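2 protein chains.
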Amino acid sequence: MRLFYLLTVVSLLLFAACKHADNKTGKDKGESVQMTDPLPSWNEGANKKAIIDFVTKTTTEGSTDFIPVADRIACFDNDGTLWSEQPMYFQLTFAIDRVKAMAKDHPEWHNKEPFKALLEGDMKKVMSGGEHALLQLVAASHAGISTEAFNQNVKDWLKTATHPKTGMHYNEMVFQPMLELLQYLQSNDYKTFIVSGGGIDFMRVWAEETYHIPSHQIIGSSIKTKYEVGEDGIPKLIKLPELNFNDDKDGKPVGIHQHIGKRPVLAFGNSDGDYQMLQWTTTATGYPRLGLILHHNDAEREWAYDRQSHIGKLDKGLDDASKNGWLLVDMKQDWKQVYLKK
Amino acid sequence: MRLFYLLTVVSLLLFAACKHADNKTGKDKGESVQMTDPLPSWNEGANKKAIIDFVTKTTTEGSTDFIPVADRIACFDNDGTLWSEQPMYFQLTFAIDRVKAMAKDHPEWHNKEPFKALLEGDMKKVMSGGEHALLQLVAASHAGISTEAFNQNVKDWLKTATHPKTGMHYNEMVFQPMLELLQYLQSNDYKTFIVSGGGIDFMRVWAEETYHIPSHQIIGSSIKTKYEVGEDGIPKLIKLPELNFNDDKDGKPVGIHQHIGKRPVLAFGNSDGDYQMLQWTTTATGYPRLGLILHHNDAEREWAYDRQSHIGKLDKGLDDASKNGWLLVDMKQDWKQVYLKK
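Protein chains in written order, with UniProt numbering: chain A, 1 to 342; chain B, 1 to 342.
Some hints here could point you the wrong way.
If chains are identical, the list can't say which one is meant, so a pair holds when it fits in one copy or spans any two.
What the hints assert, rightly or not - In silico lysine-lysine, BS3-like type, Cα no more than 25 Å apart, as pairs: (1) K124 to K57; (2) K125 to K159; (3) K124 to K48; (4) K323 to K124; (5) K323 to K236; (6) K57 to K226; (7) K125 to K57; (8) K224 to K249; (9) K57 to K155; (10) K155 to K124; (11) K155 to K100; (12) K323 to K155; (13) K112 to K100; (14) K336 to K49.
What the hints contain is simulated information worked out from the structure, not anything from laboratory work.
Remember, predicted model here, so these are calculated numbers, not experimental data.
Turn these sequences into a full structure, and let the hints steer you where they fit.
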């Protein structure tokens, strides 16, 4: 008798546990999220609360601010928003490292600017060459090869190159609090997109794995590609030394329109290169919208820069954030840590 | 005692039923699919079998041909593959209808080619103007307005315009067997993309709802857009009379690379404009690949055209399908019906 009593209780408990497991998906997501902190690396404060309130109200069935899954589009800048960008964009470091590695096959570069200055280590002189110099560097390090070969070059570089200040591999210098935000949005059926001035091919090599953002949701700048079929019948896409699209400033809404075809409901950037992306996002109507700017003010744990910086300059964004209703995320105050948990 | 025995049995049955309900998702999808016909509008035959075999082997856990969800990319042409394209691309019909509607505000068009010929109904003369004439029509009917205004024009046209032969609205002239194939792939975690020579903006107005393909998975040709902020502070994207990208022929792999960043594992087209898309798909290695061409040979229920046609010409594709391992879908033989079920 006691045995049967025990069996009944155990069976009922197993059944109850099974049904409870079913119920923990889908509509009860809101309740589950409130029980655990979805942004553990963020300090409690107005910004963290605003983010969680936004996600909760837009994903809770019956809420007047509910956004259907199909319209949950969140766009993130990359350089300076998801990973660091000092002392220069990491992709520029890649370009420079590539030129150095290729130099032995290009003796003529020792007598030709901007390659001469670069190989002599005179970065100031390289930068003084302006956009023309930059395009030559990009052409040498990015073009004239297949997309496959380019991807392999990036992969190899990420394995070997380390940052002069932190000693970390570049794809380790991503922001833990932002990884948590991406994960939080993704688990609430937000489609997260990268919308970056950086190279679309460069990012796709590592960003899919690092951010759990699929390739087709990564938007960036590009040089042209050309379809070529070799004598062996094997087709390749060859990268050409010609700008295709610059996904920066007023280019970002253009890139968003081209790749996504919908207005985002959330956009997160860090510089004036993201101003139009945030403006395009938060002036749209019909749903709640959220714009955020990451303010780099943390010289101790990362870098402090804004109005005066050449890289990631933030000036108009600082002036207008408040009147535009954009949240200014304070790296020093809002983040418990900057980089990945060890 | 008997009561406790009964309670135990019932509880255990409830628990077992609950766990079984869990098990009917995910991994048992292969078994569920075999029980019902996923392509009811397709006649039994080699092509239908090949499609079902491909989906089954690439989605069954443990299969040597298993493709991880992240790489399940399927690309579809639109004109002539998902909907009809005779006697001319439906978007061209839209352009012509727009010019006619706008003519009252453009008296100068009565004395200017190709508008003069168009308004006089002389389509042969319009076409003789070649690409230059076409660009002028596109500029007039597609450019100089915001993306929002353009979308509204397309929406309105779809509600009112009907096909001269079938009397159907244009977005009703989609192929039922292809809708089933899209649905079949989508329910097996394939991401379905449109890769079309047609306009990306034009398609996104109606294709998302019709094909259940999200906007960001619709790839097409485009004219340039420009970000402009009005005096009221409201930003718009204005469509410019300048080609941005032609997503046709060797442009299709370029568009696939730009938007998706991965090689498809399945591609379905109907004309030589899809040759390179299929070639780019089936020459890729590492996974099983499937290329399909829809051969329009059904003069009674749709149209019959291939080598001689100006619209949707299929010539090299017919010659090479067999040696390339591409399936030639025979509209007459393979399809029980062409358009939507009534």
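Hints versus structure:
1. K124 to K57: For K124 and K57, neither the intra-copy (49 Å) nor the inter-copy (57 Å) Cα distance is at most 25 Å.
2. K125 to K159: Neither way: K125 and K159 sit 29 Å apart in one copy and 61 Å across, limit 25 Å.
3. K124 to K48: neither (40 Å within a copy, 64 Å between copies)
4. K323 to K124: neither (38 Å within a copy, 57 Å between copies)
5. K323 to K236: between (49 Å within a copy, 20 Å between copies)
6. K57 to K226: This pair counts as neither: shortest intra-copy Cα distance 46 Å, inter-copy 33 Å.
7. K125 to K57: Neither way: K125 and K57 sit 52 Å apart in one copy and 58 Å across, limit 25 Å.
8. K224 to K249: both (20 Å within a copy, 16 Å between copies)
9. K57 to K155: This pair counts as neither: shortest intra-copy Cα distance 40 Å, inter-copy 31 Å.
10. K155 to K124: Neither, since 28 Å and 54 Å both go past 25 Å.
11. K155 to K100: Within one copy only: 17 Å inside a chain, 54 Å across chains, cut-off 25 Å.
12. K323 to K155: neither (42 Å within a copy, 35 Å between copies)
13. K112 to K100: within (14 Å within a copy, 58 Å between copies)
14. K336 to K49: within (15 Å within a copy, 57 Å between copies)
The structure shown violates the earlier hints numbered 1, 2, 3, 4, 6, 7, 9, 10 and 12.
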